[in-house]
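Taken in sequence, the protein lines are chains A and B.
For the first sequence, position 27 (counting from the first letter as 1) is numbered 27 according to my numbering, and the numbering increases by one without interruption.
For the second sequence, position 99 (counting from the first letter as 1) is numbered 455 according to my numbering, and the numbering increases by one without interruption.
It is worth saying that the hints were derived from the structure and are not from the lab.
Note that beta-carbon positions come from the ideal geometry of N, C-alpha and C, so glycine has one too.
There's no promise every hint is true.
Listed below are several chain A residues computed to face chain B (Cβ distance under 7 Å; list not exhaustive) [unchecked claim]:
#, residue
1, PHE140
2, LYS203
3, ASP223
4, ALA351
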Amino acid sequence: MKRILTLSTALTAVAFAAHADVTVMSWGGAYTQSQVEAYHKPFTAATGINVVSVDSDNPAPAVKAMVEAGNVTVDVADVEYADAIRLCDDGMLEEIDASTLPPAPDGTAAVDDFLPGALTDCAVSTIVFSTVFAYDTTKFPEGPTTIADFFDLEKFPGKRGMRKGAKANLEMALMGAGVPAAEVYEVLGTPEGVDKAFAELDKIKADTIWWEAGAQPPQLLADGEVAMTTAYNGRIFAAAVAEGKPFNTVWDGQVYEYDLFVVPKGAPNLEQAMEFVKFSTSTQALADQAKWISYGPARKSSGPLVGLYQDGKTEMGPYMPTAEANLGNALASSYEFWVDHDAELNERFNAWLASN
Amino acid sequence: MTEVVSGPLLTADGRPLKAALATAQARARRRAFLLVVPLLAFVLITFVVPIGYMLKRSFEHDGFSSTAPNLAAWFEANPEGSEITEEAYSALVADLAQMQKDKTPGQAGTRINYTVPGTISLFKGAARKAEDMQPPFKEALLAVDKEWGEPKLWAAMRDAASPYTTDFYHVAVDQKRAEDGAFQRGTDKERIYLYLFIKTFILSGVITFTCLLLAFPVAHLLATLPMSKSSLLMILVLLPFWTSLLVRTTSWIVLLQQQGVVNSILVAMGLIDDSGRLVMINNQTGTIIAMTHVLLPFMILPLFSVMRTIPPSYVRAARSLGATSWTAFRRVYLPQTLPGIAAGSLLVFILAVGYYITPALVGGADGQLFSNMIQFHMAKANWSLAAALAAMLLVAVIVLYWLYDRLIGIDRLKLG
């Protein structure tokens, strides 16, 4: 008996050593779910390495805290563009050599296959996501159609929801005030432009509920707490298509950007982490993710492979931020702008929020 | 015939009594000290060291000083007010070139960006070209971006050239760099910290007061009921106390939101109509309600333990001597509960001042407290500013505690 015990313990120990888990930190909810289905499960099936998923409202600060404290517990993190650049600048990320990423099925090298700007020194983009606004169709049968409608309480009365933070809100406010997408960052770079954006937000301030986690806005809409809210487009898609909620997305005035995988410096399972990043940013894996959530893949070669939603009948194309029809009045989020102005504008935003 | 003892008293084994006593006492002291060593070490490691580290962090940031040694040396040699010479520019360009090699221009830019917004890309842009720059360096840098000539930027770099700085405290009291680089009060639209600081203390006072109002009758009831009934009620007080803070806070969201339980009941009863549903959450009201509930046990328990020790015969005696029930309460009962009121209020107030999770969840826009700003800057990775704000809060609480000690006396505090 004792020998069996010893033997089994030893075997388990060996098994554990052979299968170090990769810990991936992401944004939770329907988004993490899509990564689990498209990346984690196939990766485990292919390599035998388990993937542990950890949720966060925003993984970037957690990565910084871990690296500074010298106690890194995640191997891969999913972050926004400006954060990926900043963390890389601060030397907190492992560099990822783009030439080691898998090429497209037709042999195109990864560097040429990814969308422009999707690869940086330390990060590999997985998806293009977008901040849009969505409304409850039971409240507005003749729904709002433009970003200006979001800021128009007279035409469309009811509570609004917005993310508690400056990013994307200020851009949307300017577009709501009639600034063309191409001039948004130029205007926002001037003090008058900032005032203009806040003046637009002032119009709905008293009727706005501020959300922080990406899973909140669909919940606020479903509870009837808000009539209209900004949200990440995939979350609204998941609620509307998968759960049949009466939500409609308005693409006018959308702000889209990349989401990227990074590997924190000092990741406990570096080798497996790199393996995971390469696996999950392959053409097929990125195309597969679009089967689970409506975020556009960051590789050109993945585009044609995107087909139906997992329900087998919904065509994904029209729900992608990058679909032709959705790009009419769309803004590409500028990381250069936010790297410089994040601190200043968020401070101003907090002051604005706290004042009456 | 007796021998006269002279000299010091001796013990049986011939040592001086005084020395023997001292040894024995020293041994006892040593034993007592050894007993508290684990606690002392624990407090030191988990309390004193982190707080010390935090305070240090609020005065220290080496993001620029460690990446720009040449410029730091020039600032060292040329006192404040001296003209920015070509020599300074050449030191800066040398530093920028080195930063590019070490991949640190972002780090240096981030440090300067804390007081002069928009400088991260300025540093990155110049560092990329620094290697190829030819003298005169002033013109070369200004050709990249004319902002390199701004006095504001140079003042910020001078301050950042030393790892020790008060910059973060300037920001924490709502000061901004003016065009000439000196700190001055920010505009109305930019000021936030002092306003929130004061608001936090006012709201904490309101919460403490509502806690006291609600807790006093409950504690009195608990203290005067027979044991069997009071223990049953006590469980009702303790049950929420043992429930997770997050569960209690989110329950309040379910109860108080516009489509929530309370509003729906009021509408069903016809007290309000459907379009006039009350806004009780995601604002200041939500913060006060939820925090009062969360902190209530901290008021009830000290009050209860003090009230239980007050003999009921005192009030009876007062009544029998002709006092009205109000006078008996005011002159006899209330003064005896003061130590409990003081303990409960201090406990609740200090906890409320530092609270952040409940206001973050139910406070919406105007129900945020000072600690939410600390949390915000932690999340935004500006740890030095977070530390400076936390230090302000710490000092304010210590001052309050000292005032309390002077006015009421900390030894009058009774937790039971």
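Each hint, compared with the structure:
no. : hint   : verdict
1   : PHE140 : violated (16 Å)
2   : LYS203 : violated (15 Å)
3   : ASP223 : holds (6 Å)
4   : ALA351 : holds (4 Å)
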